[in-house]
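Trainee: The chain contents come next:
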Amino acid sequence: MSASAPAPGEGALSRLQKLLRTTAFKLSLAYLVVFAVFAFLALGYVAWNARRVLDDQILSTVDAEINGLAEQYNAGGLRRLINVVERRSREPGASLYLVTTAQGQHVAGNVSEVPAGLLAAPGQVEASYNRGSEEGRLERGLEHRAIMRIFTLPGGFRLMVGRDTEERDRLRAVIGRAFGSSLALVVVLGVFGGFFVARRVLGRVDAMTETTRTIMAGDLGGRLPVSGNGDELDRLAQNLNAMLERIGELMHGLREVSDNIAHDLKTPLTRLRNRADEALRTAETPDALRAALDSVIEESDGLIRIFNALLMIARLEAGSGTSPLGPVDVGAAAREVCELYEPLAEERGLPLAVSAGEGLIVQGSRELIGQALANLLDNAIKYGGRDGIALEARREGERIVLNVADRGPGIPEGERERVLDRFVRLEDARSRPGFGLGLSLVNAVVRLHQGTLALKDNAPGLRVEIALPAERPA
Amino acid sequence: MVALPDTEGRSPSALERLSRGAMRLLIIEDDRDALAYLAKAFRESGHMPDTAGDGLDGYALAQGGDYDVLIVDRMLPKLDGLSLVRSLREQGVTTPVLFLSALGQVDDRVKGLRAGGDDYLPKPYAFSELLARAEVLARRRAAVPGSAETTAYRVGDLSLDRLSHRVTRAGREILLQPREFRLLEYLMRHAGQVVTRTMLLENVWDYHFDPQTNVIDVHVSRLRAKIDRDFEHAMIQTVRGAGYMLRAEGARPA
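Here the protein sequences come in this chain order: A and B.
By the UniProt record's numbering, the letter at position 134 of the first sequence is numbered 134, and the numbering carries on one by one without gaps.
By the UniProt record's numbering, the letter at position 95 of the second sequence is numbered 95, and the numbering carries on one by one without gaps.
If you're looking for bench data, these hints aren't it; they were derived computationally from the structure.
No incorrect hints appear here.
Straight-line C-alpha distance at most 30 Å; calculated DSS-like pairs for lysine-lysine:
(1) A/Lys382 <-> B/Lys226
(2) B/Lys123 <-> B/Lys111
(3) A/Lys266 <-> B/Lys123
(4) B/Lys78 <-> B/Lys123
(5) A/Lys382 <-> B/Lys123
(6) B/Lys78 <-> B/Lys40
(7) A/Lys382 <-> A/Lys456
Working from the sequences, and respecting the hints, build out all of it.
Mentor: Spelled out as C-alpha cells, the structure:
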C-alpha cells in the first residue's frame, strides 16, 4: 500500500526504531536499569566490607607486633628495642619497622623513607614509604603504601610499626575488576534479553496485526494465531477471535435480511413499473392516464410505508432513535387504541372487547406501545376471523401483560417463530394487502421495552401475549 | 441558490394574502431537486414560495422576510435546521416553522418542537400532506392576533360550543361521542382547509404513527353520517389523495 518500498538500510533503521518504541523494549530497559543499580549496590557493599575486614586484620597484626615490642622495651629499654627491631627487619615479610631520633634521623628498621613530618604526630595513619635501598623514590611517586602506628618513646625517639597493604590492594583490585565485569555482563545480558523478549513479543503482535489487516481487507474467515500457552496475548487473541466470530454471525444475519428486503421490495417495485408501463401503452384518454398515475402514486406510497417501517424496526432493534422513555399507562393506551379501531371492527361486523385495569404503568414510549397495539388489532381485524377480538391488559406480579386474542385460524405452532421475521406472510394472508412487517415491528417494540412476546393458541385463534416489566411504585 | 421574492408578493399584508388563500413561504432545503420540486408545487397551488439552499441564506431571509410559514430541512449545510430555528426564536421571529426530516423518529419530532418548530413531517412525504400542514400553520398565524382561545365555532349552519359540548346544525342538536366531538372540533377549526389523515390522528388521538388501513376514514364517515345525514349539502368532504375538508355550502375552498 505504501508508495515506494523502503531501501534495505532504511528498513533496518525503521525496524530498529520500531523495536525501540515497543512496550516490551521499554520494559526491558527499565528492568535493566533497576538490575544494574542493584548489582552496583550489592557489589559495592561487598567491596567495602572486604576492605574493612582486611584493614582490621592488618591493624590487629600491627597491634600484636606493637605488644611484642612494648614487652621488649619494658624489659630492656631502648637498646633492646632497637636490637629486636633490627633483627625483625631482616626477616622477610610485610611488617615494617622504623626507629628515629626526635629530629627524624634513621636509627633502625627496614623503612628508609616516609613522608616528611609523618612521625611528628603519634597515632595511626595510612601513608607511603620506601624500603631500605629505595631512597628518593617518594618524590617520583613509586612508593609502597602501608598502615602504620607511630609512638613517641621517652627521649624523643619515634617508633613506627606498620604493615604493607600491597596484598590488600591487590585483593581490592581483583574485587574492583569483578565488579566492573559483572556490571558489564548484567548490562549486556539485559540488553540482549530485552531485545530478545521485545522481538519475540513484537513478532507475535506483528502476526496479529497482519491477520487483522487481512480481515479488515475483507477476509472475515481469518482468525488470529493462538500459540496455546494461555498467556495474555493468547487470551487477547482468543477474545478477538470470539468477537470476529460474533461479527461474522451478525454480518451473515444482516446479509440475509438485506437479501430478503431486496427480494421483497422487488415485487412492489416491479408492480409499480408494470403499471406505469401499461398505462403508457394502453391508456388513451386523459382520465385513464390520470387513474393510472393515481395508482402509481398509491403504489409508491406503499413503498414509502415499507421503507419507513423497515427503518423504524432497524432503529428500534439498534435501541436508538426512539422516543424518550417515561411512565406509560398501558391500560389507557389499550383503551385509546381500541377506541381508534372500534369503528373499523364494527364496520367489519367484529365485536371488539377491551378490558384494561387502572394503574398499569410501565417505563417506555406511549407512542410505540400504541403503535404496537394498533398493529396487533390491525392484524386481528384483517386475519382474525369473524368471531370478535378481545384486548386485555392486566397486572401479573412484576409484569404487565397485554393480550390480543382473535378467533381466526391462528398460526400453526411451527410458523410462530418465523412470522416475527421481516416480510414473512403466511399463505392465507398473501391475497390481502400488507407487507409482513407488522409483527416484526411489534416484536422490536417489545424488545426495546425489555418485554417478551409470545404467540399462543387461543383454541381456536391466535393470542398474542406481550409481557412488559411493570414500573416499581416509587 | 436564493430566489428573489416575487415583487407582486411584497405589497399585500399577510391577512390580505391569506384571505386570497395565498401564503408566502420560505423553503430552506439543500437538495436542489427537492427544492425546485417544492417551489414549483407550491407555486402551482397558488402560493408564493422563496427558496434558500443552505442554513445561513435561509436564516438571513427568514429574519428579514414577512413569511407566513417556514419550511426547514433538519439537516442543512452551514447552519443546521434546529440551530437555525432556535436562533430565529431568540431573535423574536415567531413565524411558524415546519420541519422536514429524513430522521422521522419520535424523539426527533420532540427535538424539533423543543427547538421552536411548530410541526414536523418525516421524509418521504406526500406533497399534499406538506401543503395541508403548511396551510394550517399559516392560518393559525393569521388567526392568532386578538383571538383568545375560541370557545365556539360556527361554519355555515353548523355550530359547536366547546363549553356546553353542544353541536347543532340548522338548530337541530346532534349527539356526538367525545372523540367525534374532538374530531369535528378540529375539522371546524380548520374549516375550508385540507386536513390529512395523519393530521387527524396526531391532533385528535395524539398518536404520530402512520394510520394503517382506513381507521381514520371509518371515524370520519361515522361523523359524517351524524352531521350530514339529513341535509342536502355534505359539509365533510373527501379530498382525493389528500384528506378531508369541512366546508359550508357555497364556500370557496381556501
